[in-house]
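Listed below, chain by chain, are the residues.
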Amino acid sequence: MPKVVIDEARCKACAFCASVCPKKLIELGGPINQLGYQPAFFSPDREGECTSCALCAEMCPDVLIEVFREEKAS
Amino acid sequence: MKQVFKRPETLIKTTTHFCPGCHHGTVHRLVAEAIDRLGVREDTIGVAGVGCGVFLYDYLAVDVCEAPHGRAPAVATGIKRVNPEKIVFTYQGDGDLASIGMSEVVHTANRGENITVIFVNNSVYGMTGGQMAPTTLLGQQTTTSPRGRDFHYDGYPIRMAEMLATLEGVAFAARVAVDKPANLRKAKQAVNTAFEMQAKNMGFTFVELLSACPTNWYMTPLAALRRIEEEMIPYYPLGIFRQRKAADYL
Numbered sequence: 001m002p003k004v005v006i007d008e009a010r011c012k013a014c015a016f017c018a019s020v021c022p023k024k025l026i027e028l029g030g031p032i033n034q035l036g037y038q039p040a041f042f043s044p045d046r047e048g049e050c051t052s053c054a055l056c057a058e059m060c061p062d063v064l065i066e067v068f069r070e071e072k073a074s
Numbered sequence: 001m002k003q004v005f006k007r008p009e010t011l012i013k014t015t016t017h018f019c020p021g022c023h024h025g026t027v028h029r030l031v032a033e034a035i036d037r038l039g040v041r042e043d044t045i046g047v048a049g050v051g052c053g054v055f056l057y058d059y060l061a062v063d064v065c066e067a068p069h070g071r072a073p074a075v076a077t078g079i080k081r082v083n084p085e086k087i088v089f090t091y092q093g094d095g096d097l098a099s100i101g102m103s104e105v106v107h108t109a110n111r112g113e114n115i116t117v118i119f120v121n122n123s124v125y126g127m128t129g130g131q132m133a134p135t136t137l138l139g140q141q142t143t144t145s146p147r148g149r150d151f152h153y154d155g156y157p158i159r160m161a162e163m164l165a166t167l168e169g170v171a172f173a174a175r176v177a178v179d180k181p182a183n184l185r186k187a188k189q190a191v192n193t194a195f196e197m198q199a200k201n202m203g204f205t206f207v208e209l210l211s212a213c214p215t216n217w218y219m220t221p222l223a224a225l226r227r228i229e230e231e232m233i234p235y236y237p238l239g240i241f242r243q244r245k246a247a248d249y250l
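Protein chains in written order, with the working numbering: chain A, 1 to 74; chain B, 1 to 250.
FYI, nobody ran anything at the bench for these hints, they're computed from the structure.
Take the hints with a grain of salt, since some may be wrong.
As the list claims (entries may be wrong) - Distance condition first, Cα-Cα at most 20 Å in a straight line; then the derived SDA-like pairs of lysine to any residue: (1) B:186 x B:7; (2) B:186 x A:55; (3) B:2 x A:33; (4) A:24 x A:45; (5) B:6 x A:45; (6) A:3 x B:7; (7) A:72 x B:2.
Claimed, not checked - To list a few chain B residues with every Cβ distance to chain A over 10 Å, as calculated: (8) 74; (9) 167; (10) 180; (11) 201.
Unchecked claim - From chain A, some residues computed to sit far from chain B (all C-beta separations above 10 Å): (12) 8; (13) 23; (14) 24; (15) 27; (16) 29; (17) 30; (18) 31; (19) 41; (20) 43; (21) 46; (22) 49; (23) 57; (24) 61; (25) 63.
Where a beta carbon is used, it is the ideal one built from N, C-alpha and C, also for glycine.
Given these sequences and hints, build the entire structure.
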């Protein structure tokens, strides 16, 4: 399961999430959704770099992003 | 995997009618989180003013009443006086609260009604097509100030939070912005504080949130974020202008 899950069907491509990601792991220009926008998507091959800081989710005006963090093995 | 960010339960999962980059969604989330935090979803009544925020009832899982343009604080006064145990808040824009609703909000604040006012200041009338509001910045072009706002004709932008902070009935008056994560965090604290103070019967609480309207600013969403920082915050300073410490003011 990816650390960042974006509801791409509802995304309006404002790019707030991509602009605040400190590692630039979110890109725009996914396949056009039903609203007519090219949504943001999380780069799956660079997932290891994500620190789950959740800044993208904080900034998303439509609250479409869920963020997960791996639990440390005790 | 542990979830570190999820949608607040009070915020209904649906597609909003807001334009890309509109901050109404963000402000809705802050209000929803404050309601969830206090655990008062079943005991909260919202009053939406006229503007893009009018569809509050579609997005928040609380009871919402509509008010005529600018009259949300008067309607909220009635609801709160009849149901003093409920948490009552109004959700208003600057075209609603600062122009036609100026009288209502000033007198409601002066009476110290125990309600919370969420004031979304995007310096323009959003829903009606981008006309000049009392909070429109000098020089800003709108459909009714095509050459830019000129103080000779239109006066100066009104700073609502400072103005209301001078009134004795006000328990909390703050201005915050939602343009970047650091400011968002302070905005969240301010909204939480306002709802908490209402729950403690401390009096009138007011939070002004500087937000973007990319469509009526004729800007891209990212340029609108920069405008908040570069043009709005210098004129509308952020901060807490009044905060009552104790509830025993009477």
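Outcome of the hint check:
Of the pairs offered as hints, the one joining residue 186 (chain B) and residue 7 (chain B) holds, with about 19 Å between alpha carbons and a cut-off of 20 Å not exceeded. Between residue 186 (chain B) and residue 55 (chain A), the direct Cα distance comes to roughly 14 Å. Compliance with the 20 Å bound is thereby established for this hinted pair. With a CA separation close to 29 Å, the supplied pair residue 2 (chain B) and residue 33 (chain A) exceeds the 20 Å bound. For a cut-off of 20 Å, the pair hint linking residue 24 (chain A) to residue 45 (chain A) stands: about 13 Å separates their Cα positions.
Distance check on the hinted pair: residue 6 (chain B) and residue 45 (chain A) sit about 23 Å apart at the alpha-carbon level, beyond 20 Å; violated. Distance check on the hinted pair: residue 3 (chain A) and residue 7 (chain B) sit about 15 Å apart at the alpha-carbon level, within 20 Å; holds. Between residue 72 (chain A) and residue 2 (chain B), the direct Cα distance comes to roughly 10 Å. Compliance with the 20 Å bound is thereby established for this hinted pair. The non-interface label for residue 74 (chain B) is consistent with chain A: the shortest C-beta to C-beta separation is roughly 30 Å, beyond 10 Å.
At the 10 Å boundary, the C-beta of residue 167 (chain B) stays outside the reach of chain A, the nearest C-beta of that chain being 32 Å off. Against the 10 Å criterion, residue 180 (chain B) falls within the reach of chain A, whose nearest CB is about 7 Å from its own CB. No Cβ of chain A comes within 10 Å of the Cβ of residue 201 (chain B); the nearest lies about 31 Å off, and the non-interface call holds. Every CB of chain B lies more than 10 Å from the CB of residue 8 (chain A), the least distance being 12 Å, so the non-interface label holds.
The Cβ of residue 23 (chain A) sits about 14 Å from the closest Cβ of chain B, beyond the 10 Å cut-off, so the non-interface label holds. Distance check for residue 24 (chain A) against chain B: the nearest CB is about 14 Å away, which clears 10 Å, and the non-interface claim stands. No Cβ of chain B approaches the Cβ of residue 27 (chain A) within 10 Å, the least distance being about 15 Å, so the stated non-interface status holds. No Cβ of chain B approaches the Cβ of residue 29 (chain A) within 10 Å, the least distance being about 14 Å, so the stated non-interface status holds.
No beta-carbon of chain B is positioned within 10 Å of the beta-carbon of residue 30 (chain A); the least distance is around 14 Å. A cut-off of 10 Å between C-beta atoms confirms that residue 31 (chain A) is not in contact with chain B; the least separation is 17 Å. No beta-carbon of chain B comes within 10 Å of the beta-carbon of residue 41 (chain A); the shortest separation is about 16 Å. Here residue 43 (chain A) stays apart from chain B, with its beta-carbon at least about 18 Å from theirs, past the 10 Å limit.
Non-interface call for residue 46 (chain A) relative to chain B: holds, since the shortest CB-CB distance, roughly 17 Å, exceeds 10 Å. Even its closest Cβ contact with chain B, about 16 Å, leaves residue 49 (chain A) beyond 10 Å, as expected for a residue assigned away from the interface. At roughly 4 Å from the closest C-beta of chain B, the C-beta of residue 57 (chain A) falls inside 10 Å, breaking its exclusion from the interface. Listed as a non-interface residue, residue 61 (chain A) fails to keep its Cβ farther than 10 Å from every Cβ of chain B; the least gap is roughly 4 Å.
Listed as a non-interface residue, residue 63 (chain A) fails to keep its Cβ farther than 10 Å from every Cβ of chain B; the least gap is roughly 5 Å.
Violated hints for the displayed structure, listed by number in ascending order: 3, 5, 10, 23, 24 and 25.
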